[in-house]
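Chains as they are written, first to last, in the numbering used here: chain R, 1357 to 1509; chain B, 117 to 453.
Quick caveat, the hints were computed from the structure, so don't treat them as lab data.
Hints are not guaranteed to be accurate.
What the hints assert, rightly or not - 27 Å max Cα-Cα, derived DSSO-like pairs, lysine-lysine:
| no. | chain 1 | residue 1 | chain 2 | residue 2 |
| --- | --- | --- | --- | --- |
| 1 | B | 125 | R | 1388 |
| 2 | B | 185 | R | 1388 |
| 3 | B | 185 | R | 1436 |
| 4 | R | 1443 | R | 1388 |
| 5 | B | 292 | R | 1484 |
What you are looking at is a predicted structure, and each value in this text was computed from that prediction instead of being measured.
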Amino acid sequence: MITLPTTEQIILDCRRELLETVLPAVSDPAVKVTVEMMENVLRNVATRCAHEIAWMAEETEAMMAYAAEVAELTASDALKAAIEEAKLGRAASLDLDDVRREYSLAGEALSCAIEASFEASDDGLLRKAVELLQARNAREQQIKGDWAMIGRG
Amino acid sequence: MRDMDFTAKALADLLARYEQTGAPKVLSCRPLTGGYSRIMTHAVVAWPDGREQALVLRSDPPPEEIVYKTDRRSEWNVLRALTDAAAVAMPPALYFDDGSHLGAPTIVLGCCDGPSLQAASMDGDADLDSLAEQVADTLAGIHNVDLALLDGALTPPDDWASYINGLVDEWALAEKAHPESVPVLRYLSAWLRAHRPAPMDMVLVHGDFQASNLLVKDGLQAIDWEFAHVGDPREDLGWFSLFSASIAAPNLYGRDPEGFLARYRAGTGASPEAVNQATVGYFSVVAATRVYLSILQSAAAMAEGKAQGVMLTYNLNACALGNFNWLSICQSLEGAL
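Isolated chain R (complex conformation) (with noise of 0.2 Å):
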């Protein structure tokens, strides 16, 4: 397969050819602005397709990490399940859809593992928890940007 210029690349020059070539052509105001959000969705896009798959496959050992600890210091039969859960749907393989249900089930036991670590007032597992969903939160600034609210105001 063809593989240069990435995709990234790729999506990066259609929103040049958006903002240089059609924004310029168009002069009904509310279709100038749906022509900003779709730049602003292909950045983020962009962003994406490069990392996405890297970032979930860390994310989801990370996670899943967390949810181990958690269930040995906790008796939570919801975060038992959800790990047990997220073990049998491991990723067969890298395609973007089996990675990203891994990515959710393992989000769901850290999910549960949050709401364990709070039944047990354990300030030290919700620091822990706080550190995990703070680089995540890190990550979607990045596939955000910079971003306003086009056409408002």
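Starting from the known structure of chain R, arrange chain B on it as the hints suggest.
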């Protein structure tokens, strides 16, 4: 592109139904930008006596492009009751179409031709102190509305505790119903449950009280009431504080939170124990439930092939911003609540 000829003709038909003894002629229609949830149209009509009037049409988008699922008839009932009671400064609600004329449920309002507060505050000459005071006064005015004037347009919750528990639980319930896990929502739900502040009397809550939903004309006029409900007054304060910190305009709350809240308390009689920076911070998370979960539900619908539109994917960025902000807020409030 929207068909303005169709809209003009349909509006004329609607007005003829309402104004049987002298309907106005529709002179022009043009799309309005600025709203995210509804399709907005500016119209100018001429009455038989020669008087011209500008109107604003607020319509539902096609079902597959709806990001925020709210009901126009319910909004109309609220707006009509507030208009009849002259209880709040806002453009008057004039006509309602259930979709039989304009093709989609539509509210027709009088037009307020002032700039949004967001735009006005970005003017270099703006008196930001005065604008912030006007915001606090406007919000106090909304929260002081006698609920009896709403004439049953909104149903009050049974009690504060079950209402707040319901809002807090909604984060977790919606996350569980979503086709992918969003752990930060489960964290927020558990955190909010563990840090509930003291209750307050429930009032009319605007539900999307922020600078682009306030027009500067003879004071401030509140628009976009689709999320109006009876709830905790700090929901509006929290949403305003969060929104003000998230837009590229002067932060009318954040520049002097104590002054803003003192002004609000003076206008409502609220106590400093109930309304303070910590409780407003708490409600900046709680108040986001409706908007955030609407976006999440639309994302789920798109994943199932039941929704479309760039507005929807574009708004996912607001969720990312929210995830970041709310977690940060919870961390900053540890120990204060």
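Hint check:
no.: 1; hint: 125/B x 1388/R; in the structure: holds (26 Å)
no.: 2; hint: 185/B x 1388/R; in the structure: holds (24 Å)
no.: 3; hint: 185/B x 1436/R; in the structure: violated (36 Å)
no.: 4; hint: 1443/R x 1388/R; in the structure: violated (47 Å)
no.: 5; hint: 292/B x 1484/R; in the structure: holds (22 Å)
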